[in-house]
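Engineer: From first to last, the protein sequence lines are chains W and Z. Going left to right, the first sequence walks through residues 1 to 155 as my numbering numbers them. Going left to right, the second sequence walks through residues 1 to 177 as my numbering numbers them.
Note that these hints are calculated values from the structure, not bench results. All values reported here derive from a predicted model rather than from experimental measurement. Idealized CB from N, CA, C, for every residue including glycine. A hint or two may mislead.
To be verified - Computed beta-carbon distance windows for the label pairs: (1) W:Ser-19 / Z:Ala-11: 14 to 24 Å; (2) Z:Arg-169 / W:Asp-27: 28 to 38 Å; (3) Z:Asp-19 / W:Leu-71: 22 to 32 Å; (4) W:Asp-9 / Z:Gly-140: 20 to 30 Å; (5) W:Ala-120 / Z:Glu-68: 52 to 62 Å; (6) W:Pro-7 / Z:Glu-68: 16 to 26 Å; (7) Z:Asn-87 / W:Pro-108: 52 to 62 Å; (8) W:Arg-21 / Z:Glu-175: 19 to 29 Å.
What the hints assert, rightly or not - Covered stretches of chain Z, going by a simulated chain W footprint (3 or more residues, C-beta under 8 Å): (9) 33-43; (10) 63-73; (11) 77-86; (12) 132-140; (13) 155-168.
Stated by the list, open to error - Computed far set for chain W versus chain Z, every beta-carbon distance over 12 Å: (14) Pro-7; (15) Leu-10; (16) Leu-13; (17) Pro-23; (18) Ala-63; (19) Leu-67; (20) Asn-78; (21) Glu-90; (22) Glu-98; (23) Pro-107; (24) Glu-110; (25) Ile-111; (26) Met-126.
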Amino acid sequence: MKLPDLPEDLAALERELASRRRPAPSDALRQRILAAARRELAARPAPERRRLGAWEFALAAAAAFILLLNLSISAANNMSWRLCGGLDREAVAGAAEEISRLAPDLPPQEIRREALILVAGSRLPMLPQVRLKPGAGMPPSRQSAAPAEDTTAHP
Amino acid sequence: MPGRSDDPLLAGLVAGREDALAAAYDLFAQRLVAAAWGMLGSREEAEDAVQEVFLNLVRSRSALADVENLQGYLFTALRHAAMRRWNGRKRERASADLGAAEDLAAPEAARAERSARLERALQALPPEQRAVVALKIDGGLTFAEIAAVLGTSLSTAASRYRYALEKLRQRLEEERT
Numbered sequence: 001m002k003l004p005d006l007p008e009d010l011a012a013l014e015r016e017l018a019s020r021r022r023p024a025p026s027d028a029l030r031q032r033i034l035a036a037a038r039r040e041l042a043a044r045p046a047p048e049r050r051r052l053g054a055w056e057f058a059l060a061a062a063a064a065f066i067l068l069l070n071l072s073i074s075a076a077n078n079m080s081w082r083l084c085g086g087l088d089r090e091a092v093a094g095a096a097e098e099i100s101r102l103a104p105d106l107p108p109q110e111i112r113r114e115a116l117i118l119v120a121g122s123r124l125p126m127l128p129q130v131r132l133k134p135g136a137g138m139p140p141s142r143q144s145a146a147p148a149e150d151t152t153a154h155p
Numbered sequence: 001m002p003g004r005s006d007d008p009l010l011a012g013l014v015a016g017r018e019d020a021l022a023a024a025y026d027l028f029a030q031r032l033v034a035a036a037w038g039m040l041g042s043r044e045e046a047e048d049a050v051q052e053v054f055l056n057l058v059r060s061r062s063a064l065a066d067v068e069n070l071q072g073y074l075f076t077a078l079r080h081a082a083m084r085r086w087n088g089r090k091r092e093r094a095s096a097d098l099g100a101a102e103d104l105a106a107p108e109a110a111r112a113e114r115s116a117r118l119e120r121a122l123q124a125l126p127p128e129q130r131a132v133v134a135l136k137i138d139g140g141l142t143f144a145e146i147a148a149v150l151g152t153s154l155s156t157a158a159s160r161y162r163y164a165l166e167k168l169r170q171r172l173e174e175e176r177t
């Protein structure tokens, strides 16, 4: 990039500025700086740059892979990311009222806590009941201790 | 961007070697002190600013591995150190240490007076313009280097320098009349 030349009066001023006497660093400055640096170096030795080890790198890569896998599966299943739509205040208030009616001795804080747990629990998705055959999925040593279950009742 | 690990001076500074710091001082101190003096108008403050720059160089030596241009790094640090001092004193003594400037020019009375007026006018400039003049005239940097130090474009650095000179000339003329 070509910069425009300065007009003569500014060029003269520039020359004048350049010709003025400037202070040189004092003799003591060098010693002062080196001594201060020496103290600094003695007080704080150089922190070594930490390099990622092979195992750490492998673990980080595996963690990133698993995370990406999970995200892609979730995306493929059209997962709703609204994990919690917020608690229904009316439901919590209703539950609290019911709890205080049933257990009037409970302090209000505990009533609210119980109400919150109750309402939150009511929103959990239902899980299918899984019944195992007697002894299935248990180590052989515990098979004898496992109670026998009646699988005919739940086809 | 890879650092200049091949530069033995930078490598020595990163390793915290005192001889590398001494070499860097011998290489840059004169221009740094001159530029700091141009910015601050005081030899004492200029030396303090330069000391701060070199001490910060030691303190943050591990970060130097990524530095491409040591000169640019030092002058940028110097400008920040000068800025801190400007902010601290808030123009309380714009013509500070003019006595020293006069002392420097003492052998010739007329020249000394002119030099003192020049310093007064220079110190009355806004800090950014003063910094450009100091970096160019006293630090001996090119406009490209000044632009890198100030974080501006080359044309901005050049035009800021020109405005500074114009303002300086204007002030000198006002003082003369």
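Engineer: The structure should be examined with respect to each hint, and the outcome stated for every one.
Structural biologist: Outcome of the hint check:
1. W:Ser-19 / Z:Ala-11: 14 to 24 Å: 38 Å, violated
2. Z:Arg-169 / W:Asp-27: 28 to 38 Å: Roughly 36 Å apart at Cβ, these two residues keep to the hinted range, so it holds.
3. Z:Asp-19 / W:Leu-71: 22 to 32 Å: 53 Å, violated
4. W:Asp-9 / Z:Gly-140: 20 to 30 Å: Since Asp-9 (chain W) and Gly-140 (chain Z) have Cβ atoms about 23 Å apart, the given range 20 to 30 Å holds.
5. W:Ala-120 / Z:Glu-68: 52 to 62 Å: 56 Å, holds
6. W:Pro-7 / Z:Glu-68: 16 to 26 Å: Violated - the Cβ-Cβ distance for Pro-7 (chain W) and Glu-68 (chain Z), about 36 Å, lies outside 16 to 26 Å.
7. Z:Asn-87 / W:Pro-108: 52 to 62 Å: 55 Å, holds
8. W:Arg-21 / Z:Glu-175: 19 to 29 Å: 20 Å, holds
9. 33-43: holds (count 5)
10. 63-73: violated (count 1)
11. 77-86: violated (count 0)
12. 132-140: Holds: 3 residues of the stretch 132-140 of chain Z have a Cβ under 8 Å from chain W.
13. 155-168: With 6 residues closer than 8 Å to chain W, the stretch 155-168 of chain Z meets the three-residue bar; holds.
14. Pro-7: 9 Å, violated
15. Leu-10: For Leu-10 (chain W), whose nearest Cβ neighbour in chain Z is about 5 Å away, the distance does not exceed 12 Å, so it is violated.
16. Leu-13: Violated: least Cβ distance 5 Å, not greater than 12 Å.
17. Pro-23: For Pro-23 (chain W), whose nearest Cβ neighbour in chain Z is about 4 Å away, the distance does not exceed 12 Å, so it is violated.
18. Ala-63: Ala-63 (chain W) is indeed farther than 12 Å from all Cβ atoms of chain Z, at 27 Å.
19. Leu-67: 29 Å, holds
20. Asn-78: 42 Å, holds
21. Glu-90: 57 Å, holds
22. Glu-98: It holds; Glu-98 (chain W) is separated from chain Z by about 62 Å at its closest Cβ, greater than 12 Å.
23. Pro-107: The assertion about Pro-107 (chain W) holds, with a minimum of 56 Å to chain Z.
24. Glu-110: 54 Å, holds
25. Ile-111: Since the minimum Cβ distance to chain Z is about 57 Å, Ile-111 (chain W) lies beyond 12 Å and the statement holds.
26. Met-126: Given a closest Cβ separation of 56 Å, the condition holds.
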